[in-house]
Amino acid sequence: MKKLLLANDHIEGIRFYDVYRKNGGYNSVEKALKNMSPEAVVEEVKKSGLRGRGGAGFPTGLKWSFIAKPEGVPRHLVCNADESEPGTFKDRYLMEFLPHLLIEGLIVSSFALGSNVTYIYIRGEYAWIVDILEHAIGEAKANGWLGKNILGIGYDLEIYVQRGAGAYICGEETALIESLEGKRGNPRIKPPFPAVKGVWDRPTVVNNVETLAAVVPIINMGGEEYAKIGVGRSTGTKLISACGNINKPGVYEIDMTVSVEEFIYSDEYCGGIPKGKRLKACIPGGSSVPILPAKLLLKTAKGETRYMNYESLSDGGFATGSMMGSGGFIVFDEDQCVVKNTYTLARFYRHESCGQCSPCREGTGWMEKILKNIETGKGKMSDIDLLWEIQSKIEGNTICPLGDAAAWPVAAAIRHFRDEFEWHVRNPQESQVRNYGLADYALV
Amino acid sequence: MSVQFSPEKLDKVNEIVARYPQGKQKSALLPVLHLAQESFGGWLSPETMDYVAELLHIRPIEVYEVATFYSMYNTKPVGRYMFEVCQTGPCMVNGCDDIIAYIGEKLQIKAGETTADGLFTLKTVECLGACGYAPMMQMGKTYREHLTKEKVDRIIEECRQQAALNN
Chain A
1 MKKLLLANDH
11 IEGIRFYDVY
21 RKNGGYNSVE
31 KALKNMSPEA
41 VVEEVKKSGL
51 RGRGGAGFPT
61 GLKWSFIAKP
71 EGVPRHLVCN
81 ADESEPGTFK
91 DRYLMEFLPH
101 LLIEGLIVSS
111 FALGSNVTYI
121 YIRGEYAWIV
131 DILEHAIGEA
141 KANGWLGKNI
151 LGIGYDLEIY
161 VQRGAGAYIC
171 GEETALIESL
181 EGKRGNPRIK
191 PPFPAVKGVW
201 DRPTVVNNVE
211 TLAAVVPIIN
221 MGGEEYAKIG
231 VGRSTGTKLI
241 SACGNINKPG
251 VYEIDMTVSV
261 EEFIYSDEYC
271 GGIPKGKRLK
281 ACIPGGSSVP
291 ILPAKLLLKT
301 AKGETRYMNY
311 ESLSDGGFAT
321 GSMMGSGGFI
331 VFDEDQCVVK
341 NTYTLARFYR
351 HESCGQCSPC
361 REGTGWMEKI
371 LKNIETGKGK
381 MSDIDLLWEI
391 QSKIEGNTIC
401 PLGDAAAWPV
411 AAAIRHFRDE
421 FEWHVRNPQE
431 SQVRNYGLAD
441 YALV
Chain B
1 MSVQFSPEKL
11 DKVNEIVARY
21 PQGKQKSALL
31 PVLHLAQESF
41 GGWLSPETMD
51 YVAELLHIRP
61 IEVYEVATFY
71 SMYNTKPVGR
81 YMFEVCQTGP
91 CMVNGCDDII
101 AYIGEKLQIK
111 AGETTADGLF
121 TLKTVECLGA
131 CGYAPMMQMG
141 KTYREHLTKE
151 KVDRIIEECR
161 QQAALNN
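Protein chains in written order, with our numbering: chain A, 1 to 444; chain B, 1 to 167.
One or more of the hints may lead you astray.
[Claimed, not checked] Stretch by stretch, here's where chain B covers chain A in the computed footprint (C-beta under 8 Å, at least three residues):
1) 125-134
2) 148-154
3) 238-248
4) 335-344
If you're looking for bench data, these hints aren't it; they were derived computationally from the structure. The beta-carbon is built from N, C-alpha and C at its ideal position, and this holds for glycine as well.
One chain only, chain A, in its complex shape (with noise of 0.2 Å):
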């Protein structure tokens, strides 16, 4: 499979401004800012088929179009860098040994958007990385693509990094622009959308990462070209990053046309299970998304093989299916407990929680309480409907999509591993030390 965003990741020094511009690096801004308009870059943006790489998947070219153009209100375009999504750490990989890709990147889309002023915003965690984005924007003015009149268009542009200071709600695009503003991260009520109204009340574009790295391959191949690569409407390739019980923990670029199969047991990705044990589940798409036991992951409910892309990993719905989300993929093996797992994601969401909406503020802490009541032992069988009750009086009904993402993990696990809560309440003792093991989950 060709690469398109980790094509040169492996180059020494690839980091720094000489060695990525003699590696073709910048050509995507000289073709974009010389050679079309910004209405242009948008419309290959369209035809590339490139859906956001946050988690939501929506087509980031008509993302684009909505953004409003008042008469004399600037524009900005926010870069989404809020990396936290359990499972996810692909944004890091790329900012850290590929900066001035995402810089490369965020010049054509400034453009496209008419963006004068960008802001990277990044996790708070995330320190050192902000010193590597500083040092690759300072790189790339010094050599002028950056500044005023970018190469003699009339075209201006700084880029400004923003660093956050842990808060996971603060990935919603909403309260990204809050917390920019100087604020606590409390998700804005929709309309108005950030394309009319956001960041200081002017149009706002916030998109992740990886897609606006995207736009460099869009940019320099044509978007007809890139939405040849990969399968029906999961065009392009996606960066995958993939923990838990695997030998070969890491970020792989795929073209979205690979098995999940393949996926785990290839040396080429995950490299199989650690000491030859069986799979048992996975959550494919980061925390948020359903888990699913390894028969339903490996092949569909209708007994098709199931594949990476947005549209077999949701194939059969929540029921039988989960999602693509941010490519945050874990596995876990037969010695992990789908419970304790379940818990300590409903004690993350409490964390979580801005507090704003009572169903996921008391929710969140509900769940995570009864959760540990079960898995400590102190659980009752009738401890399992009332957690299904909770999550179902979450889901939809908060201004923001954390309700929703604190709700389906806990659902999935229910829906899923039913017999394993109810053998948590049944053997108390027993449950603290040793898992329930596979049951009939597993197919491999």
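Position chain B against the provided structure of chain A, taking the given hints into account.
Frame of chain A, contents of chain B only:
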């Protein structure tokens, strides 16, 4: 410690404020609070927060509500070295519980506590985006990944030696 940025740091504050439109200097709050925390003993005292409010021409309450919302701002004193160990799903699968227990045992503190000598604080945190390199912890500006008990021993030793040199 008197709460006053050095001239160099005040330049930095002005440089940050200049990144935003006129009158939107409140946007500088998060970066300036990071700078303040680094400069004034690793935490944000009420005096520090009031000082930042004054610098940015905003009300103190606007600083308090931000400082208490984000998990990286410490509103209480912390040790010189803070071990922030991730405990979310992917790290749990890779044995973070054992690492947290080991650090606690070794330093004789529980999560959330600081050692009597003021050197170490142990804190459990949620996902830091290092799931493929688990178990891990954050230490200041860097991540320490693929943790083992031996690695933890070495890190604690490093910190103690560094602290002894600086004293």
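Three residues minimum, CB to CB under 8 Å: does the segment 335-344 of chain A make the cut for coverage by chain B? Let me know.
holds (count 4)
How does the segment 238-248 of chain A fare against chain B when you require at least three residues with a CB closer than 8 Å, holds or violated?
holds (count 5)
Is the listed coverage of the segment 148-154 of chain A by chain B valid when you require three or more residues with a beta carbon under 8 Å from a beta carbon of that chain?
It is violated, with 0 qualifying residues against the three required.
Counting residues of the segment 125-134 of chain A whose CB is closer than 8 Å to a CB in chain B, do you get three or more?
holds (count 4)
Checked against the numbered hints above, the structure breaks only hint 2 and satisfies the rest.
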